[in-house]
Amino acid sequence: MSEFKKFDQKNWVKTNLNYKKDSGSWAWILHRITGIALIAYLFMHIFSLSPLSQGRAAFNEFMSHYTTPFFMALEWILFAFVLFHSLNGVRIVLVDWADGAKYHRALYRYSIVIGLVMFFAMGYVMFSHEIHNLFK
Amino acid sequence: MYKHQNSQGSGSFSWVFQRVTGLILVVVMIGHYILMHYTPESGHTYDAVLSRMQSNWYRVLDLTFLVLGMYHGLNGVWGIFRDYKLKPWQTITIMSLLIVFGLAFTLWGVKTILDIPYVQTSTSELL
Numbered sequence: 001m002s003e004f005k006k007f008d009q010k011n012w013v014k015t016n017l018n019y020k021k022d023s024g025s026w027a028w029i030l031h032r033i034t035g036i037a038l039i040a041y042l043f044m045h046i047f048s049l050s051p052l053s054q055g056r057a058a059f060n061e062f063m064s065h066y067t068t069p070f071f072m073a074l075e076w077i078l079f080a081f082v083l084f085h086s087l088n089g090v091r092i093v094l095v096d097w098a099d100g101a102k103y104h105r106a107l108y109r110y111s112i113v114i115g116l117v118m119f120f121a122m123g124y125v126m127f128s129h130e131i132h133n134l135f136k
Numbered sequence: 137m138y139k140h141q142n143s144q145g146s147g148s149f150s151w152v153f154q155r156v157t158g159l160i161l162v163v164v165m166i167g168h169y170i171l172m173h174y175t176p177e178s179g180h181t182y183d184a185v186l187s188r189m190q191s192n193w194y195r196v197l198d199l200t201f202l203v204l205g206m207y208h209g210l211n212g213v214w215g216i217f218r219d220y221k222l223k224p225w226q227t228i229t230i231m232s233l234l235i236v237f238g239l240a241f242t243l244w245g246v247k248t249i250l251d252i253p254y255v256q257t258s259t260s261e262l263l
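Chains as they are written, first to last, in the working numbering: chain H, 1 to 136; chain W, 137 to 263.
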């Protein structure tokens, strides 16, 4: 065991940035970051939907803050996080249960391509109303 | 026999369940995104939510989505902490915080869903 360098827990950011990274290493890092962001969002989501209990006027007034272009852009970024976590999650399941270890790099590349296509498709769906107004 | 210092048992159940819940969440998430963003109104108005929630199937689906999402998320956070060498008091503190906040917010979400009233008018009128 002595040939292994002891993992430096105090400088873990530095240690994590220093080792040589394969696509799988990036997938692991991004899966954690997006995962933490998504559970944080779920807590916010429960908080922000709680005015549903106060009836129509209160809820619509509350939601009007979240349908501004700024929050729509944030929602689009949120979709990028959901997409990465979902596609990489499916990749993890394939690696664990479907012999995916043999083609995990290809799976990662396919995930990125599918993810980018879905990201821009969702951008069109979310902003279609605004886009149509631009070209009227 | 080797036993992880922070685990009760091997943890293989939560490993499998993390993948199973993840796959379920991906499927439900597709439906969630279609419903929320098909039109600007469908996801962001009280009437759209009210008309959906007249169906108990939607309520059950939403409750399942909430509980599974919370479990998957907090189990994932716990998995991250388990990668580091934790002292027993840290294990207890982190576990307690995850369980307390997880339960509190899940119950808040359940209450929000169940508080939505059933109305007498037909759902087509509301749409």
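In case anyone wonders, no lab produced these hints; they're calculated from the structure. We put the CB at the ideal spot given by N, CA and C, even for glycine. The reader is advised that the hints may include incorrect statements.
[As the list claims (entries may be wrong)] Okay, derived cross-link-like pairs now, DSSO-like style, lysine-lysine, Cα gap no bigger than 30 Å in a straight line: (1) 221/W - 14/H; (2) 14/H - 247/W; (3) 10/H - 20/H; (4) 102/H - 20/H; (5) 221/W - 20/H; (6) 21/H - 247/W; (7) 21/H - 10/H; (8) 247/W - 10/H; (9) 223/W - 102/H; (10) 21/H - 136/H.
[Unchecked claim] Ranges between beta-carbon positions, derived for each pair: (11) 149/W - 25/H: 23 to 33 Å; (12) 232/W - 132/H: 49 to 59 Å; (13) 232/W - 56/H: 17 to 27 Å; (14) 11/H - 194/W: 46 to 56 Å; (15) 17/H - 200/W: 16 to 26 Å; (16) 20/H - 167/W: 37 to 47 Å; (17) 149/W - 28/H: 30 to 40 Å.
Hints and how they fare:
no.	hint	verdict
1	221/W - 14/H	18 Å, holds
2	14/H - 247/W	44 Å, violated
3	10/H - 20/H	19 Å, holds
4	102/H - 20/H	20 Å, holds
5	221/W - 20/H	23 Å, holds
6	21/H - 247/W	45 Å, violated
7	21/H - 10/H	20 Å, holds
8	247/W - 10/H	42 Å, violated
9	223/W - 102/H	38 Å, violated
10	21/H - 136/H	48 Å, violated
11	149/W - 25/H: 23 to 33 Å	27 Å, holds
12	232/W - 132/H: 49 to 59 Å	51 Å, holds
13	232/W - 56/H: 17 to 27 Å	38 Å, violated
14	11/H - 194/W: 46 to 56 Å	49 Å, holds
15	17/H - 200/W: 16 to 26 Å	39 Å, violated
16	20/H - 167/W: 37 to 47 Å	40 Å, holds
17	149/W - 28/H: 30 to 40 Å	22 Å, violated
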